[in-house]
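*Asks:* Here is what each chain is made of, one letter per residue.
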Amino acid sequence: MDLLANLALGLATAATAQNLFYCFVGVFLGTFIGVLPGVGPLAAVAMLLPVSFYLPPETALVMLAGVYYGAEYGGSIASILLNIPGTPSASVTCLDGYPMAQQGRAGVALFSTAIASMFGAMFGVVVMVLLAPKLAEFALLFQPAEYFSVMVLGLVAASVVSSSGAVRGLMMVCLGILLGTVGVDVNSGETRFTGGIQELRDGVSLVVVAMGLFGISEVMVSLRGATQSYAGAGLTGRLLPTRSEWQRSFMPAIRGSTVGSFFGTLPGTGQTVASFVGYALEKRVNRNRAEFGKGAIEGVVVPESANNAAAQTAFIPTLTLGIPGSTTMALMLGALMIHGITPGPRLIAEHPDLFWGLVVSFVFGNIFLLILNIPLIGIWVRLLRVPHYYLYPTVIVLICVGVFGISNSLTDVWATLTFGVIGYVLRLFRFEPAPMLIGFVLGPMMEEYFRRAMLLSRGDPTVFISRPGSAALLAVAAFLLAATILPWKQWVLQGMSAVRNVGLK
Amino acid sequence: MRRLISHLGPVIMLMAGLGFAIGAATSLELGSFRRMGPGAFPLLVGAVLSLLALTALIENLRRPMHVDKADPWAVLGVIGGVSAFAFLTPLAGVLPATALAVFATGSVIPEFRWPYRIALALGVSMAVWLIFVLGLGIPFVAIRGL
Chain A
1 MDLLANLALG LATAATAQNL FYCFVGVFLG TFIGVLPGVG PLAAVAMLLP VSFYLPPETA
61 LVMLAGVYYG AEYGGSIASI LLNIPGTPSA SVTCLDGYPM AQQGRAGVAL FSTAIASMFG
121 AMFGVVVMVL LAPKLAEFAL LFQPAEYFSV MVLGLVAASV VSSSGAVRGL MMVCLGILLG
181 TVGVDVNSGE TRFTGGIQEL RDGVSLVVVA MGLFGISEVM VSLRGATQSY AGAGLTGRLL
241 PTRSEWQRSF MPAIRGSTVG SFFGTLPGTG QTVASFVGYA LEKRVNRNRA EFGKGAIEGV
301 VVPESANNAA AQTAFIPTLT LGIPGSTTMA LMLGALMIHG ITPGPRLIAE HPDLFWGLVV
361 SFVFGNIFLL ILNIPLIGIW VRLLRVPHYY LYPTVIVLIC VGVFGISNSL TDVWATLTFG
421 VIGYVLRLFR FEPAPMLIGF VLGPMMEEYF RRAMLLSRGD PTVFISRPGS AALLAVAAFL
481 LAATILPWKQ WVLQGMSAVR NVGLK
Chain B
506 MRRLISHLGP VIMLMAGLGF AIGAATSLEL GSFRRMGPGA FPLLVGAVLS LLALTALIEN
566 LRRPMHVDKA DPWAVLGVIG GVSAFAFLTP LAGVLPATAL AVFATGSVIP EFRWPYRIAL
626 ALGVSMAVWL IFVLGLGIPF VAIRGL
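Order-wise, the sequence lines are chains A and B. Residue numbers for the first sequence follow my numbering, beginning at 1 and rising by one. Residue numbers for the second sequence follow my numbering, beginning at 506 and rising by one.
By construction, these hints were calculated from the structure, which means they are not laboratory data. Be careful, since some hints might not be right.
Claimed, not checked - Examples of chain A residues toward chain B, derived with CB under 10 Å:
| id | residue |
| --- | --- |
| 1 | 161 |
| 2 | 164 |
| 3 | 172 |
| 4 | 193 |
| 5 | 387 |
| 6 | 393 |
| 7 | 394 |
| 8 | 401 |
| 9 | 406 |
| 10 | 410 |
| 11 | 413 |
| 12 | 417 |
From the three backbone atoms N, C-alpha and C, an ideal C-beta is built for every residue, glycine too.
Take the sequences, apply the hints, and build the full model.
*Replies:* Okay, structure coming up:
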């Protein structure tokens, strides 16, 4: 009964005209940037941060969340029609989506991705409703040592999936944490690393860092890159899948959603890992596995249900533990903190309208998305024909206006440009800026819990491994690191050849 | 040469880590294990970053990581656009600054033709006025002297 009361509260929050409007704005923008290859949800959420300051916190979160999961719907459209993923997590969809389009089944592919996305998302929402309150209740038992360790786990997980390797990912995390220490230390009141600059006393602003690292530097990377726009014939052929295609899709959709929900909840992994693992798993268990890669409908249903389920369940660690599952989630946490809301296990109890309102808004958002992606699919196909060079100058100005709009200071605009150049140079040297942002958001909280844990243990640093909860979390983090850094594969091969040699003698 | 440039990445990181660690150790209170001062945590993280950077440097010496080529025109276009916005806003207001910024960034895209660049600059200025000034009611000086 408790659950029903909570959902009713959520409905009352989500169904106001203002929240419905911003939910629609969010999912519309999400689909928009998802469709366009080259600009991801991260840059879009970064650019919307300033706008969200003018809204109440729950409305802001509903809109930013809409961008986040809306992009998953849009991402598959370019995958299917152009063989270029609109978002990284839609890259698996290319494998079977593009062959389907070449066979003249683009309509069926787009229709079934929309339905599979909706199915995955709803699956994820149900998992979130059932799991999040339980997890938050459990996390209330956490003491500072456990909080510190869970953050270490989140940061390690975020850096091991980084494409340039775990060591480089961890370096960016450390750099982000250090950047977060700039400004006044809340415990002692002393200023740190400001170099005597007055503007830095309050620390570096999240908006400036996020817009610089992800907005400006992304435009620098893609401004003059080869842009390809869609030149195909548009949507021909039927839209509705046949009866046998429906039947073939049902079990794969459930399996995809399950895999997606799991990897979405796990901090650090996300939609991309979910869709890859979902596809690989389906290829093992499916009876039609020989058709995979040649335009099998399962090949679009599984990754799309997986990445949409993951997009919804990614909110579980973010809202119950305060550990962002991905960089975009870190930005949303930052937005909440700017509104004065501390993320963590108390969030559901202290701001039930925010949490349950968000959950119910997911349902509305997905209905909007289904409308945007089935009857209105033509708009997005036409959008793909628009040359991309209109986009980038517009993005630059939106960043400038956004930064200037919240602080009314041109110093912040210059600072954003500086971070843009830093982000660009880091990218050239193969350092991904994404883990840096997670470190920047979590850093101050991490330091706080570290110092508190040490105080409680009377200065004994073994507290992090003597408390079982904390020790278990750190062990998982160590395992994740070992799994990526150590050359397991080489060892196994060496071992095998050694065995073979022994066998020959 | 490109090999040497490739090593520069971890070296910069090493310098950043050492910089923070030394800065924390010399100019900030470290405190005790029980009551940590403001310098303890940055010292710890700075040290970890330096160690990681050393690891990456050794790894890079054995197998240099590929470094991407910079695109100076793209960087120049973006810097030009943002600078145009920042310089022109106090002089002429947000809308002229917006138009010039769009124009400046658009100029470095070769296949983007002149009439379209001008049209985009005007269109984006209109949109900024509609969304930010009319819609969200942010108190911008839209056009100075108007």
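*Asks:* Each hint needs a verdict: does it hold in this structure or not?
*Replies:* Hint check:
no., hint, result
1, 161, "violated, 17 Å"
2, 164, "holds, 7 Å"
3, 172, "holds, 9 Å"
4, 193, "holds, 6 Å"
5, 387, "holds, 8 Å"
6, 393, "holds, 4 Å"
7, 394, "holds, 5 Å"
8, 401, "holds, 6 Å"
9, 406, "holds, 9 Å"
10, 410, "holds, 5 Å"
11, 413, "holds, 5 Å"
12, 417, "holds, 5 Å"
In this structure, the one hint that does not hold is number 1.
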